[in-house]
Structures are given as structure tokens and as C-alpha cells.
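*Asks:* One-letter residues, chain by chain:
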Amino acid sequence: MSAELYEQMKQSVIDGEVELAEELAQKGLDSGLSAVEILEEGYVKGIEEVGDLFGRGEFFLPELVQGAEAMKAAVAVLQPALDAAGAKRSTAGVAVAGTVAGDIHEIGKTIVCSMLSAAGFTVTDVGCDVPVESFIEKCKELKPDLLLLSALLTTTMPNQQKTIEALKEAGLRADVKVMIGGAPTTRAWADEIGADGYAEDAIEAVAVAKGLTGAA
Amino acid sequence: MSAPREPGVPEGAATAPLDAGLRRVHEAALRVLADVGCVVADPEAAALFAAHGAAVDGRRVRFGEELVARALETAPAGYTVAGRRTELDLRVGRGAPTVLGAASGPALVLDGTEQRHGTLDDLRTAIALAHLSPNIAVHGFSVEPTDVPEERRAAVGAHAHLVGSDKGFRPNVSTLAELRVATDVCEIVYGAGWHERPRLWTIINSTSPLTVSAEAGQVLLRLARLGQPICFAVCAMGGTTAPLTPAGLLTVQHAEVLCGLVLTQLARPGCPFLYGGTSSLASMHTGALMMGAPEYWTLMEATVRLGHALGVPVRAGGSLTDAHVPDAQAGIESALALKTVLDLDVDFVLHAAGILSSFNCYSPLKFVIDDEVVSSLRAARRGLVVDEETLALDVIAAVGPGGSTLGHAHTRRHARETMRATLMNRAPFRAWRALGGRDLAAAAAARVDELLQVYTPPDDLDAATRRQLDAYCLG
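Keeping their order, the protein sequence lines are chains A and C. So in my numbering, the last one in the first sequence is 216, and the numbering has no gaps at all. So in my numbering, the last one in the second sequence is 691, and the numbering has no gaps at all.
If you are wondering where the hints come from, they were derived from the structure by calculation, not from laboratory data. Keep in mind it's a predicted model, so treat the numbers as computed, not measured. Any given hint could turn out to be false.
[Stated by the list, open to error] Short derived list, chain C residues pointing at chain A, Cβ under 7 Å: (1) A323; (2) H347; (3) E360; (4) E366; (5) T456; (6) N576.
[Claimed, not checked] Below, simulated SDA-like cross-link-like pairs (lysine to any residue); rule was C-alpha separation at most 20 Å, straight line: (7) A/K138 / A/I104; (8) A/K210 / C/T502; (9) A/K210 / A/L53; (10) A/K162 / C/E367; (11) A/K45 / A/I104; (12) A/K45 / A/A92; (13) A/K210 / A/L142; (14) A/K143 / A/L153; (15) A/K162 / C/D363.
[Unchecked claim] Stretches of chain C that chain A covers, calculated by requiring three or more beta carbons in the stretch to come under 8 Å of a beta carbon on chain A: (16) 325-339; (17) 501-508.
Quick reminder that beta carbons are idealized off the backbone N, C-alpha and C, glycines included.
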């Protein structure tokens, strides 16, 4: 019975069915299954499959994004039970990602978030036009392994540098690896501002993130 | 397609010349404007809409067809942009040749096979090449001089353009501070009355989907009130900021441009307006905008037709490619994209030379290759001249069956009319090999070196103007 339910959960992520993923999570909890097991046996298997299919070129971005949305919705249903059980989800790493202040371009960052989710990272997307202070607060709150800063304008790239400087001032720099990206950024810019990682696209971002967290 | 009309002379139903499909796109865009509306983030711009009958709810502006119809009554079908000297004036609009602009805006430059951030030296190279081009009439920030501090970039860049070339200059106006620099340098070079004629080449972008940012709205209002042409350009990305299906993508693009058109005409009836569109599809594998995709060519054709059907000039297309180096892919995609819009008599083309990696990278080599492709396309578009001299019946009779025209005076008379390629190889194989067997990129690199050797900046600015410009921009 539970095996069948886990299979449906997995499939709901593969199909990107957000509401179904939520319903199945509630159904699992109602039938007495553990939240940790639901997550690991159902949804994580689904998002892994989505990641594999994308990697093989069989899935496209909308399928990846919808899969990550379904996964997120299910986790939201499970979260109170996960917290109550004091359970720690197995994760490739905790990541916080956002587009820096003054910049409203968030599609690339959203794709990176979806790809990281599919690769097993626990990702918090803090959106776009994010002030330096908000990144610092999120780092204090979530203690992420990775902070990903996106910029699509030459005029907003300096805010990547300012965020890294602010991390230093807050005494947080040693605790978090910083990755940067966005069309006008380069590896040379990443080196100049002291970022730990740079990726040209979302696929490379996953590889770099895994390298930085030792999840490779 | 309707005939050209003069400013302020209405031309009947806007949608009349469109085919059934594009008519539906136009009607769908009108529905979007009425039902969904656009966010117009600048309160002054939103208030202007409200004062003219639009339904304004916070920043959301909805309006019906009547505002569009009124805007079309006053938007001119063509206009002349004043140049530094009268002979450099440029006519924009149907009946006038397409005005071509150089690559615009990338932060990166291709250096060998690597990309790096652009410098002021790179920008000076781009300015020199644009100045020497027989085709490019307008240029502006073909590469960002990222080694200049951001707060000084607009002024230092303006100086480099105005001193380095007398061609049309397109400053960046994405902020009020940049706009201020643009208008200040105009006043220095052309005097206090600089805005009595259309003079500034600028691009104002919407933020797809369906948003006019506060700064875009503020810049638009100020430029329009100065009577300066508004090129309102939309770069929606199918699959991310607009529907992936080209018809839906065009609907979003068309609605946004109409919003910009109405705002411009409300700010100043009769203000020159350019219908701008460079929307394309995002790759569903990477999310990147695809400028080499065949769907882009279809979209650009529709863009030109939609704009022209409104009776306003259109900016669309460019020598655009997804290739990262000036290779065969770059040449194929760029030439086909440019030919698509030139064949439709588009009015203005930005990125006509020098751009790579969609909109992300400038390359001097790509610039000279594109420039030669433009020369070729222009030569082809001149078409057949059929008259007594070109039919050459007397020559055919004189040479007779089996003869040769090579030694005939007629052949000699016309020998220099054939377009002479400077980069494209026309030599036979062994002769080509004997000359080093260069491929196009190698020939382009040599050509860039030659051009930079012969380049001399114009000296038409008088000493007092030059001193003032130096003091303002570099002081």
C-alpha cells in the first residue's frame, strides 16, 4: 500500500502536479507514514528522476521548474511533521539564492534554483532586487552552505562584491561558500571579488555547487 | 502594406493591411491592454494615462482601443533625426533607406577565443570601426567601458563617441542620471536649442511582461516632452517572460509597444515614435534567449508587419547570432536575420554589426564581417536596372554567337560597378593559397588592423566646444 503511494508521490513530481503532490503528502501523513520516509521514498526519488531526465535532454526547463514546485509544495505540507520529529532531511547542501539589489532579472536564478533542487540541494530562493542586508539576515537564519548571487547588469554586478564584503564584516564569510553568475559576469570578476565559485549556466552551476559542498 | 504618410495625417484603419493571423494578434493585444493592463510604475506616467481616460488602479493601467487610435492619429510615419552637419541628417520612416546602428550594450568583448569585460580602449576601437563603416550611421556603447567607474561611464563614453566620430550617437538612458548626461552633451555640442529638432538616438526598454519600470517611464516622459524620438523596444522571452508560442509572444510584445506608443503621444502629441521589437524564444534547455533560431526570423517579420500596419517606423532585427566566435554559424545566422528585416524595409536596425553571443559580446572581427555582409545585401537589394544601356543589345549583336564581351568597351565601362568584396574570397584556390590561405576570421582580423591604422577622428568640433566637452566629460 505504502509502496504504491510512494510511487504516486514520485510520479506527481515527475508530472509537475503541484496540487496532487500536496494532497498525496497529506494523505501519507493521515495514514500514519513518517514524514521523513514520505520525503525520502516518494518525493526525493521523484525529483532525482526529474534531474536525470533533464540531464539526458529528455526533460525541458518547464518540466524541471514544475517538478521543483511540486517538490516544494509537498515539503511545505510535511514541514511541521519533519520539525516535530526533529528530523534532518538528507541533503546535498543548503543553498540561499537571489538576484542582487537593483536587478529584477530572476529567470536565470530561478532555473539555477530548480536545478539545484533537482540535484538534491535544499534551496531557499529569496527572489530579486535583494538588498545586501537581506542576504546577511538569511545567512544568519538558515546557515547555508552556499550563497548564490545573480546579476544581469553591469551596474548591479558591484552588489555581488558588496554582499561578499558584508559577509566578511558580519563574520560569516568563512561559514558560507559564495557563487556568482549572470550574463555580464565572468570567472575573472568572480576571482576579483573573492567569490568561491562561478558558473556560466545552470548546468555548470550544479557541478560547481557540488564541488564546493563536497557533494560531487 | 499601406502607403507612407506624412506626420499627423491619419491613414484609415490601423489593422487593414495585416493578414488574418496578425490581425488577431493586434486584436489580442488590444484585449490584453483593456483586460490585463500594464504596470506603469512611474506615478507621473500613470497619472497621465488616468487624465486621458485610462482605468488606473495603483500602478496598473488599463485602456481601450480609443487611446490607441488617438495615438496613431498623431504619431508620425516618418521623421528626420538631425545629424552633426546637415549632410549627416538621417530620415527614418517608410520611403527612406534603413538606418543601421552598430552593436549596442554588451559588457563583454571577444579577445581571441575568450570573453572579457570591455574597456575604454575597446570602446574606442568600436567607435573607430563604426566611424569608418560605409553602412553604419548610428552607434553607441558597442561595448561597455567597464574600466571606467560606473558613475563616470556615461560622460566618459559620450566624450569618446562625440570626439571619435561625427555619426549619430546613441547614449544609454536607462537612468535619469544617464539622460542628464545625454542632454547636457547635446547642449554643449549643438547649443541650447538642440532639441528643436529630433536629435537623440535612444532606446527605452519595457520590462516584460507588461511592465514599464519607473525609470523607463520617467525617461520616456522627459525625452518625449523634448520632442525627441522614442524608440520603445520590447525584448520578451518566449517561455519565460511571455508565452512560448510565437503568436502569444507577439501579443505581449505588441501590447507593450502600444502602451509605450500611447504614453509617448499623451506626453507630446506628434512626438516621433519607433516601434521596437527584438523578442525571441528562450531555449527550453538552458533558458537563454535564442537569436539564431528560425522562429526569431518569423517573429521579426511579424514585428515589422505589425509596426508598419500601424503607420509608424519600426526597429527590428540585427546581425544576431547565438555563436560565440565569428565562425560559420555566426555568419549564417547573422546574415539571415538581417536579410529578413531588410527585405521588409525595416526602418532602423540596431546591432547591425559586431554582436555575438546573442546580445552579450562585442567583436571587432564580427563588426567588419557584418559590415561587408550589409554591403552585399544592399548591393543585392538595388536589384535589376533595366534600360537600353544595361540591356546592351548593341553589345550582344556586336559580339555575336560564340564571341567574348571581355574586351568590349561596355564591359570596361561597367567593370567598377560590381560590388568589390574586401573580406570574402573571390580568388581561385591556388591564388588564395598563395596569399596565405586565410579564412574569413583571419581576413577580418587583418582588416581591423588596417582600418585602425587609417582611422583619424573628425575635427569638426570648434576649439571652444571641445574645451567645454572635455571639461564636462573628463573634468
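*Asks:* A separate judgement is required for each hint: does it hold in the structure or not?
*Replies:* Structure-based check of each hint:
With 7 Å as the threshold, the beta carbon of C/A323 comes within range of chain A, its nearest partner Cβ sitting at about 4 Å, so the hint holds. Taking 7 Å as the C-beta contact cut-off toward chain A, the hint placing C/H347 at the interface is violated, the least distance being around 24 Å. Using the Cβ-Cβ criterion of 7 Å, the hint placing C/E360 at the interface with chain A is satisfied: the shortest such distance is roughly 5 Å. Below 7 Å, beta-carbon pairs count as interface contacts, and C/E366 has one with chain A at about 6 Å; its hint therefore holds.
The criterion of a C-beta within 7 Å of any C-beta in chain A is met by C/T456, whose closest approach is roughly 5 Å, and the hint holds. A least Cβ separation of about 5 Å between C/N576 and chain A falls short of the 7 Å threshold, and the interface hint therefore holds. The hinted pair formed by A/K138 and A/I104 meets the criterion: a straight-line CA distance of about 19 Å does not exceed 20 Å. A threshold of 20 Å between alpha carbons decides the hint, and for A/K210 with C/T502 the separation of about 19 Å falls inside it, so the pair holds.
With a C-alpha separation of about 19 Å, the suggested pairing of A/K210 with A/L53 holds against the 20 Å cut-off. Proximity of A/K162 to C/E367 is assessed by CA-CA distance (about 16 Å); at most 20 Å being required, the pair is judged to hold. Distance check on the hinted pair: A/K45 and A/I104 sit about 33 Å apart at the alpha-carbon level, beyond 20 Å; violated. Between A/K45 and A/A92 the alpha-carbon distance is near 14 Å, which keeps this suggested pair within the 20 Å criterion.
The suggested pairing of A/K210 with A/L142 holds, with an alpha-carbon distance near 19 Å, which does not exceed 20 Å. For a cut-off of 20 Å, the pair hint linking A/K143 to A/L153 is broken: about 28 Å separates their Cα positions. Annotation: proposed proximity of A/K162 to C/D363 holds, straight-line Cα distance about 18 Å (limit 20 Å). Residues of the region 325-339 of chain C with a Cβ under 8 Å from some Cβ of chain A number 3, which satisfies the need for three, so the listed coverage holds.
For the region 501-508 of chain C, the stated coverage by chain A holds: 4 residues have a C-beta nearer than 8 Å to a C-beta of that chain, and at least 3 were required.
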